[in-house]
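Visitor: All chains, please: the whole structure from these sequences, using the hints.
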Amino acid sequence: MDKNKHISAILKKIPHLPGVYKFLDEDEKVIYVGKAKDLKNRVSNYFNKSGDERIQLPALLERVEDIEYIVVDSELEALFLETNLIKKLKPKYNILMKDDKNFVYIKITTQEEFPKLFITRKIQKDKATYIGPYTSSKDIRKTFKLIKDLLPYPQCELSVQSTKKGKHPDKPICIFKEIDEAHSPCICDLPAKEYQQLIDSIISFLKGKHDSLLNKIDSNMRQAAQEQKFEKAAKLRDRLLLLEKILEKQQITSANLKENMDLIDIIHSNKKFLCNVFQVRRGKVVNNQNLVLSENQIQDDSTSNLSLAFASFIQQYYSEHPNPPKEIIIPEPCNQQELLEAYLSKIYEKKITIKVPQKGRKRELLKLATKNVENFSKQMKVKWMSQEARSFDKISQELKDLLELPKKPQRLECYDISHLQGNHTVASMVVFHNGEPLKSHYRIFNIKSLQKGDIDDFKSMNEVISRRLKYLTQIPKGFKSSNKKNQYILKNPDKEAVITINYEITENKDILIHDIQVSSLEHLVVPFVIKLCKKFKQRKALTDNPDLKKFMFQSIKNNQYKYGFYISKLKPDPSFSQKPDLIIIDGGKGQLSSSLKVKHQLESSIPFISLAKRNETIYNEAMEPIQLPNNSPTRLLVQQLRDEAHRFAITHNRKRRQKISPNS
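Position 522 (the sequence shown) corresponds to 522 in the numbering used here; numbering is contiguous.
Since the hints were derived computationally from the structure, they do not count as laboratory data.
Computed from a predicted model, the values in this text were never measured in an experiment.
Check the hints yourself; a few may be wrong.
[Unchecked claim] Below, computed lysine-lysine pairings styled on PhoX-like, alpha-carbon distance capped at 25 Å: (1) K557 / K540; (2) K90 / K116; (3) K272 / K371; (4) K272 / K87; (5) K531 / K550; (6) K557 / K480; (7) K407 / K597; (8) K495 / K484.
Guide: Here it is as structure tokens:
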């Protein structure tokens, strides 16, 4: 069944119910996730000529090979499920936020009797209090310094509870106690109630509730003075002055101290969406964040795409926000705005609204977000131009000149071997395209040519290069094929037979292969069988000979024959089917020499080099050393490839060991 018939058959079966749909590519990888109030209408609309006209759709639909869907009870449930799937699968054609690891939070373990403060990049369901997100570790450091200056808190890494139980009897008194900067949880000399008041003050400060803290410090300072505790009163006075100085720098946006909102604007720049979030809490701007939405296939800044960008950002950014605002202010209506409001209100169990002010003070404040995101765009353009200036083009030109290559290389592949005392040997293949890792094209080979306990990196490298290059094998020019008396013969330029296929054509006009005789060049058998099939305009060949399984004959369910060779099942691997411009071997002359034997045997034209760990020397195919300066971008790129291949090989070696022996 061809692709169009397959898609049509699926569309007929999709129900008129709410749910989530997934588009899959030829590798069965999810490339787009969407939600729908009516699955059948929404999904069918993609494939109607008069349907969805977004500019990126042709590129998406061209890659769709299959459709999966999940039925739920309501459109709101569909939105919850879509959010989770986008976070988990990160589909190529969805508008995605930067990875969660780019966000930083302050975590306060308020579920404990004596809470502690940490920096974390992940929100967990552990009843702790989270403040953030922050997009800059610099901002976090500033915040922690302010807290330390204003509200000295225990910084000992030991748990108060475990210390009280005597689990750390040998620990000395905390240095913070000795210099009197903070009470020490190690000896727990601060009563739990006072400790909790300190933590409450820190949380209030981080949430922008500065007035109560201001009043509290002022009250404590006056009380200390009355009690003639002048040293304590002086410290509290310094903290009060510091806090007043901080508050003077903050921009007051409203006299309404209950005002709690985020102002967001998004623009399209250099095929990316850039976003600015202005956070206003209790009438003051407490944070300002610039964010990049990950690059996808959207090529323009049309109204429909910006509407989708706003909706996607709000959906993902606020799905796990520790301190969501009451109002989200945006310049234009976004896609399914009411549904998003219901979604956020249900998550946080309070009403959250998305507003588009047409005039007034909020519209004026929104201009701050617009101004900031425009400035951010200018900064990013400078960064992107700088990256392009030191782009891969210069490196590829140097590689071309150094190695006398026919063209500037774009696709680089690097190979490494990993084993543990000769066991579980694997080889890694990593791919860089235009100087960037192409992780979807990374591959792992389980080495088959060694016995258990054997250590032979040369033989292992020989095997992996042989297996890799066979995917690119074609019958060379000068080889001729002849057909007589049910024998299909491949002859080399010297007219010597290298492969003979003994076959017959059955009554059903099937090709039945009895055996294949190979005098040399076994790697040409598969393309030669394909040539035989095409000669008789057949898409398969059949056999009962189990020896032919090594030539990609597979077991089949057939009343007459046991094995089949199907051209349609020889689906090209998206990585292996691409020819590298340069292959890099991790190792010195020995590993390179072993690989070159395979290259010459398979008559490959792909250039090879190796990188020896000792002195980081590059060897070309003539075994001549090439020593580049330590700071050479070309050398650094080759080293990066080698290190990535090494990491990838070790990782999979460990996985293989653990799979076979979990305790290893």
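Visitor: All the hints need checking, so say for each whether the structure fits it.
Guide: Verification of the supplied hints:
no.: 1; hint: K557 / K540; in the structure: holds, 14 Å
no.: 2; hint: K90 / K116; in the structure: violated, 34 Å
no.: 3; hint: K272 / K371; in the structure: holds, 18 Å
no.: 4; hint: K272 / K87; in the structure: holds, 19 Å
no.: 5; hint: K531 / K550; in the structure: holds, 18 Å
no.: 6; hint: K557 / K480; in the structure: violated, 35 Å
no.: 7; hint: K407 / K597; in the structure: holds, 23 Å
no.: 8; hint: K495 / K484; in the structure: holds, 15 Å
In this structure, the earlier hints numbered 2 and 6 are contradicted, and the remaining ones agree with it.
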